[in-house]
Amino acid sequence: MSHLLSPVFAAGFFESEPVRIAAAIGTLVAVVTALVGVFTVMRGQSFAGEAFGDLGTTGGSGALLVGVGPLGGFVAGNVIAAAAMEAVGIQRSRGRDLATGIVLGAGLGLAALFLYLYGSEHSTTGTTVSILFGSIFAVASSTIGPVIGLSAAVVLITVALYRPLLLSSINSEMAAARGIPVRLVGALYLLALALAAALAALTIGTILSTALLVGPAASALRLTRRPLTAVLTAGAIGIGAMWLGILLAYDSYSWPPAKQGWPVSFFVVTIVFLVYLLAGLPEARARRRGARPAPAGERSAPGLEG
Amino acid sequence: MVNAWTVGSIVAVVAGVVGFFTVIRGSAFVAHAIPNGSFAGAAGASLIGISTLLGLGVFSLGGALAIGLLGRRGRHDVATALALVMMLALGALFLNFSVEYAPEVYSLLFGEILGISPNELVPTAVLGAVCILATAALYRPLMISSILPEVAEARGISAFRMELAFLAVLALATTMTVPVVGMLLIFSLMIGAPATARSLTDRPPVAMGLSVAVALVIVWASIAASYTTNYPVGFFVGTASAAAYACGRLYSAGGGRRVRAARREARRRAS
Numbered sequence: 001m002s003h004l005l006s007p008v009f010a011a012g013f014f015e016s017e018p019v020r021i022a023a024a025i026g027t028l029v030a031v032v033t034a035l036v037g038v039f040t041v042m043r044g045q046s047f048a049g050e051a052f053g054d055l056g057t058t059g060g061s062g063a064l065l066v067g068v069g070p071l072g073g074f075v076a077g078n079v080i081a082a083a084a085m086e087a088v089g090i091q092r093s094r095g096r097d098l099a100t101g102i103v104l105g106a107g108l109g110l111a112a113l114f115l116y117l118y119g120s121e122h123s124t125t126g127t128t129v130s131i132l133f134g135s136i137f138a139v140a141s142s143t144i145g146p147v148i149g150l151s152a153a154v155v156l157i158t159v160a161l162y163r164p165l166l167l168s169s170i171n172s173e174m175a176a177a178r179g180i181p182v183r184l185v186g187a188l189y190l191l192a193l194a195l196a197a198a199l200a201a202l203t204i205g206t207i208l209s210t211a212l213l214v215g216p217a218a219s220a221l222r223l224t225r226r227p228l229t230a231v232l233t234a235g236a237i238g239i240g241a242m243w244l245g246i247l248l249a250y251d252s253y254s255w256p257p258a259k260q261g262w263p264v265s266f267f268v269v270t271i272v273f274l275v276y277l278l279a280g281l282p283e284a285r286a287r288r289r290g291a292r293p294a295p296a297g298e299r300s301a302p303g304l305e306g
Numbered sequence: 307m308v309n310a311w312t313v314g315s316i317v318a319v320v321a322g323v324v325g326f327f328t329v330i331r332g333s334a335f336v337a338h339a340i341p342n343g344s345f346a347g348a349a350g351a352s353l354i355g356i357s358t359l360l361g362l363g364v365f366s367l368g369g370a371l372a373i374g375l376l377g378r379r380g381r382h383d384v385a386t387a388l389a390l391v392m393m394l395a396l397g398a399l400f401l402n403f404s405v406e407y408a409p410e411v412y413s414l415l416f417g418e419i420l421g422i423s424p425n426e427l428v429p430t431a432v433l434g435a436v437c438i439l440a441t442a443a444l445y446r447p448l449m450i451s452s453i454l455p456e457v458a459e460a461r462g463i464s465a466f467r468m469e470l471a472f473l474a475v476l477a478l479a480t481t482m483t484v485p486v487v488g489m490l491l492i493f494s495l496m497i498g499a500p501a502t503a504r505s506l507t508d509r510p511p512v513a514m515g516l517s518v519a520v521a522l523v524i525v526w527a528s529i530a531a532s533y534t535t536n537y538p539v540g541f542f543v544g545t546a547s548a549a550a551y552a553c554g555r556l557y558s559a560g561g562g563r564r565v566r567a568a569r570r571e572a573r574r575r576a577s
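The listed protein sequences correspond, in order, to chains A and B.
Numbers 1 to 306, taken from my numbering, label the letters of the first sequence in order.
Numbers 307 to 577, taken from my numbering, label the letters of the second sequence in order.
Treat the hints as calculated values from the structure; they're not laboratory data.
The model shown is predicted, which means the values in this text are computed figures rather than measured ones.
Glycine is no exception: its CB is placed at the ideal position from the N, C-alpha and C atoms.
Where hints are given, some of them may not hold.
[Unchecked claim] Facing chain B, according to a computed beta carbon distance under 7 Å, are these residues of chain A, among others: (1) S46; (2) E50; (3) Y118; (4) L244; (5) L247; (6) D251; (7) S252; (8) W255; (9) V269; (10) Y276; (11) L278; (12) P282; (13) A286; (14) G290.
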């Protein structure tokens, strides 16, 4: 039986400790990012989600410089950035991405400075590359507790905000008319996003952080209009992409060109990307059959479509 | 050192012009995503031994095309995010197989304006001229399509074609500026300067001119500061762009535009 499966599951896969750790971390992060990601896509905040991943670089390099652990740096940096974005005016539908961009630019400028200052005594290029392109999947045992705690906090905030967040994401004027404090809800959501991206970027890398926040949720929202179904679907896609990506990365150790393995992030992102394309097929088919006229590409309006 | 000022000025002009359209089209994310993702192209080029600039250019245009196509049917911000991570994932793949890539990385990321050689001057100037000329050629339809999309459609200007054209110009602009200002910071110049200009004036041609002026000030100040302190240029560009934007917001919040408009109105009535 194992002979039949061995082309798929390379030898030692199920026994490997790093694989188990990666799968556990991947599952946890996929669940958290699916929940926050659905709201992120609905609110058109993919840039903020991506920016918080990049801003982790600032927090992380600041932490390096000061000599504290990276998790604190990632979280503190992102929370400060979220406050700055909120102050600049990220909740206005016009100029929302401008607010994100300005804060991100300042943040990355600081990252440049921190890495330069750190690098005057240590070698930085390896650090820079691994921060930007690495997919880490190894949590220092001292941070396992805080990572789980942080994940719980994100889930709690989002679940507590669920209904008002949903209503204000779909139609903020109507939500305000119903007495929902739209600005406050939006600010708390942004905090949840900042924390989710911090823990994702730290554990699985900035590339996968963005990919998991946006991809599975966008695919799910293309397939269903019901928010809860979307969250569950996004979670399933995220977990599936992670596990399959880890498996392929493990198998790739025997692949050309160098028999050193291909990176997990490459597989996971490719899977997430392909799923998004596939999720767009039903609507494309309906459009071709003339069910409804082709819509112009949506730019920034909130709504339920992916 | 003269090279730094010259090349920096060219970069500032292009950033001011192309950035103006970036801001009015709300494409800040795209301006960040294209150079960010094109970095993977530089890694791939290094891997197979061809020019980094070529790798940057190919991935910039490829990324722009992907964003345009994906954004046609899906949400625009989702399209940008997914195109970006796909490019970055390819970059991770290329870097995985590269043995040494280290020296260029820092300067490609954060800018190395002080180490610019004379033979980078001509390509930068040529590419910059192409960007400006392309923007000039597209000016009217692009303006209408960006500000009044329904009017544009009524006049037969395809929104999709304008989007693709704009994205191509943006890709070209970021490709030529990345080696100078750095991949991570070119977008902050490209949105900070025009955003500041738009806080100061409503009228598009004036705003574009101001955008170029602000960009020049930011770049010159950053070069000078980097030369003096040895800190990376990218740090100054990023923070100066944010500071300029803050000043612009304070000015418009203080009613500067309204006051000037009211004064203009009073003068007109008096004459």
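> In ascending order, which of the hints set out earlier in this document are inconsistent with the structure?
Replying inline: The structure breaks hints 3, 4, 5, 6, 7, 8, 11, 12, 13, 14; every other hint is satisfied.
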